[in-house]
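Same order as they appear, the protein sequences are chains A and B.
Numbering-wise (the working numbering), the first sequence opens with residue 76 and increments by one.
Numbering-wise (the working numbering), the second sequence opens with residue 1332 and increments by one.
Careful: at least some of the hints might be erroneous.
[To be verified] Below, in silico cross-link-like pairs of lysine to aspartate or glutamate (DMTMM-like), each with a Cα-Cα straight-line distance of 25 angstroms or less:
#: 1; chain 1: A; residue 1: Lys191; chain 2: B; residue 2: Asp1462
#: 2; chain 1: A; residue 1: Lys433; chain 2: A; residue 2: Glu409
#: 3; chain 1: B; residue 1: Lys1458; chain 2: A; residue 2: Glu358
#: 4; chain 1: A; residue 1: Lys162; chain 2: B; residue 2: Glu1354
#: 5; chain 1: A; residue 1: Lys162; chain 2: B; residue 2: Asp1462
#: 6; chain 1: A; residue 1: Lys80; chain 2: A; residue 2: Asp280
#: 7; chain 1: B; residue 1: Lys1512; chain 2: B; residue 2: Glu1354
[To be verified] FRET-style restraints, in silico, Cβ to Cβ:
#: 8; chain 1: B; residue 1: Phe1383; chain 2: A; residue 2: Arg179; range: 35 to 41 angstroms
#: 9; chain 1: B; residue 1: Leu1476; chain 2: A; residue 2: Asp280; range: 37 to 43 angstroms
#: 10; chain 1: A; residue 1: Gln277; chain 2: B; residue 2: Gly1471; range: 52 to 58 angstroms
#: 11; chain 1: A; residue 1: Ala132; chain 2: B; residue 2: Asn1553; range: 49 to 55 angstroms
#: 12; chain 1: A; residue 1: Ile317; chain 2: B; residue 2: Phe1383; range: 29 to 35 angstroms
To be clear, the hints were calculated from the coordinates, so they are not data collected in a lab.
All residues carry an ideal CB built from backbone N, CA and C; glycine is no exception.
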Amino acid sequence: MSLIKVTGLNHRYGERAILENINLSVDRGEVFALIGPTGAGKTTLLRIIDLLEVPSAGEIYVDGRCIPRSGKQRLEIRRRMSFIHQKPQVFNLSVYDNVACGLRWRGEEKDRIAGKVDRILEMVGLEGYKNRNARTLSGGEAQRVALARSLVLEPEVLLLDEPTANLDPVSTAKIEQLISYVARQRNTTMIMATHDMSQGQQLADRIGVLLDGRLVQTGNATDIFRSPQNEEVAHFVGMENIIEGIIIANNEGIATVNIGGNAIQTVSSYPVGKEVYACIRPEDITLALSSTQSSARNSFQAKVTQVTYLGPLSRVEINCGFRLIALVTKISAEDLNLQVGREVYATFKATGVHIMGKEIS
Amino acid sequence: MEIWGGLTKAIELLISLDPEVMEIAGRSLRISGTACLLASLICLPLGSLIHFHHFRGKRVLINIIQTLFSVPTVVVGLFVFVLISRAGPLGGLGIMFTPTAMVIGQMILITPLLLGLTISALSGVSKEVVDTATSLGASGFQTVLLVLREARYAVLAAVIMGFGRAISEVGCALMIGGNFKGSTRVLTTATYLETGKGELELAIALGIILLFLALIINIVLNRLQQR
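Make the full structure from the sequences, and use the hints.
Structure below.
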C-alpha cells in the first residue's frame, strides 16, 4: 500500500488554477522527484501534502487514512513528516535551539534531545556551531541547519522543496550526499521538488513531471528522459531535437520517418501515415569527418551552422536537410575542427530516436 | 543660572541619597513598573490573538488602537476619575487618590501603545517562520510562542516605550493620585509642584533624576536585548 496518496487534487487561488486533477501515490521508502519549471505548482503541491494548506478539492491519504480538512489529526500526521523549504528559514536562535525545537514541540526529554542534536550536527558537519546564532550563518550552512532540524525528527516522510536552489556547487553536493545517505540509511520516504533534472535523475527512484499545474507524466528516469509523453515534457527534459515528420514505412517495429524529404530509421509501432515528432537527445548524436560504418542506422552529411562552448561540452548546430543539435566534448570539437561551414557526418542510432505521436487537437 | 543650580542640586541629592527624593523615585518606579508589567501581561497575549486571527474589522481595530497611542493623559485621568469617584461605578472600591488608582490609570494609558506595538512587532516576523514552525510540528500555541520569541527585540522595545510613557506622564498621576506627600507623590507630580512653588532648582533636579532613571532602564534593557 502506498504511504502517501493524493487523489483528484485541485487547488486554486481565487480565479487562478494552481493544480489540476493531481493523482499521485508514493510508496514507503520511495524517493519521488517532482520536476517542473518555476511556477508549475511544485511548492503548492508539497505544501498541501505537508498539510500546510487545504486543497480546493481532492483527498490526501496517509497510510490509507483519509486526512480531514481541519482538526487535531492534521497536527498528528504533520508530525510524522518534515518539510525543507526552498529558502532556509532559520529562527533567530542558536543553532542548537534551531535544531532542538521540533523535538521540544514533540515533548521529548531534555537529555535525549541533547544527544540527538549533537549527533545530527555532527552528521551535517556543524558540530562546532552549536552556540552560534543561526542568522549569522552562510546560505549553505543555514540550509544544513534546516536539514539537520528536519532530520533530527527522524520523519517518515521528508518533503524537500528545491533544497539546493541558490547554493554553490560545493554546498549543493554536500546536501545531495546527505539526502541520498538518509534515503538509503533510514529508508525515509521523500518527495522532492526540483527544476534540476540531473538532480532528479540522480536521487530519485521515480520522477513526476509537473507542468502548468498538471502532472503530465510519471515514471522512472529512463522513461521520462528517453520517452517523454508529449512535446511539452520533451522540451522540459532537454530533448533539444524535436522534429516533425510522418511515418512512411513500418517493418515489424522498425519505422521509417520522413522528415522534409529525409528518411530516418526509428523504433516505433505507429502505423504508416501517422504524423509524429521524432525526438533525439543532443548527446546521442555523434559527429565525424567521414561516414563510418557502424551499427547506427542513421547517418547524414551535414554542415555546421553554429558552435557554442558550454564549459566541457560544445553545442553544435548542424544542417543535414533538417536542423539538428549535437553535444560533443570540447576535445572532440577541437579534434574535428568544428566551425561554421565545416562538413561533417552526423550519426545516431534508430533506438536513439524517440517517436511521439502528434496529438490531434 | 537655574539650570546650573539644578544640575549641582541634582548631583547633590543623588550622591547624598536624599531620603525624600529616593522615596519619590522609588514610588515612581514601583507604580509605573507595575502598570507596565500588568499592561504587558494583557497586551502580549491579546496582541498575539489579534495578529494570528483573521476577522472582520481587524484593520479598523488596529487603526483605532494606533489612534489611541496619543490619547491625552488627562483624558485617561478624567475617565478613571469618573469611574472610581465616590458616585462612579467603581466608587465602592474607595481607591481614589491611591497608588492603585495611579497604576490603573497608567495601565489604561499605555495599553493601546503596547498592544499596537506588539501587533506590529509580530507582523515583522515573516510568514515563512510561521510555516516553518508549523511544518516542524509546532501546535498553534507553540507557533505563537516561537513568533513572540523571534520578535523579542521589537516586543521588548514596545515594553520600554510603554514604561517610558507611564513614568513620564503627569496628568493622570495628578488627577487620580492627587500628589499627596508620602503616598502618591511621584517624580513628575513633584516636579510640577516644586515648579509651581518657585523651587526651580529642586524641580530641575527632580527632572534630571527622571531622565537619569529612564537612561538607566534603557541601558539595562539594551543589555538584555544584546544577549
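Here is what the structure says about each hint:
1. A:Lys191 with B:Asp1462: Status holds; Cα separation ~24 angstroms.
2. A:Lys433 with A:Glu409: 38 angstroms, violated
3. B:Lys1458 with A:Glu358: Given that 25 angstroms is the threshold and the Cα spacing comes to 44 angstroms, the pair is violated.
4. A:Lys162 with B:Glu1354: 55 angstroms, violated
5. A:Lys162 with B:Asp1462: Given pair lysine 162 (chain A), aspartate 1462 (chain B) holds - Cα atoms ~12 angstroms apart, limit 25 angstroms.
6. A:Lys80 with A:Asp280: 17 angstroms, holds
7. B:Lys1512 with B:Glu1354: Between lysine 1512 (chain B) and glutamate 1354 (chain B) the Cα gap is close to 10 angstroms, so the pair holds against 25 angstroms.
8. B:Phe1383 with A:Arg179: 35 to 41 angstroms: 20 angstroms, violated
9. B:Leu1476 with A:Asp280: 37 to 43 angstroms: 39 angstroms, holds
10. A:Gln277 with B:Gly1471: 52 to 58 angstroms: Given about 39 angstroms between the Cβ atoms, the range is violated.
11. A:Ala132 with B:Asn1553: 49 to 55 angstroms: 53 angstroms, holds
12. A:Ile317 with B:Phe1383: 29 to 35 angstroms: Taking Cβ atoms as reference, isoleucine 317 (chain A) and phenylalanine 1383 (chain B) lie about 51 angstroms apart, which means the hint is violated.
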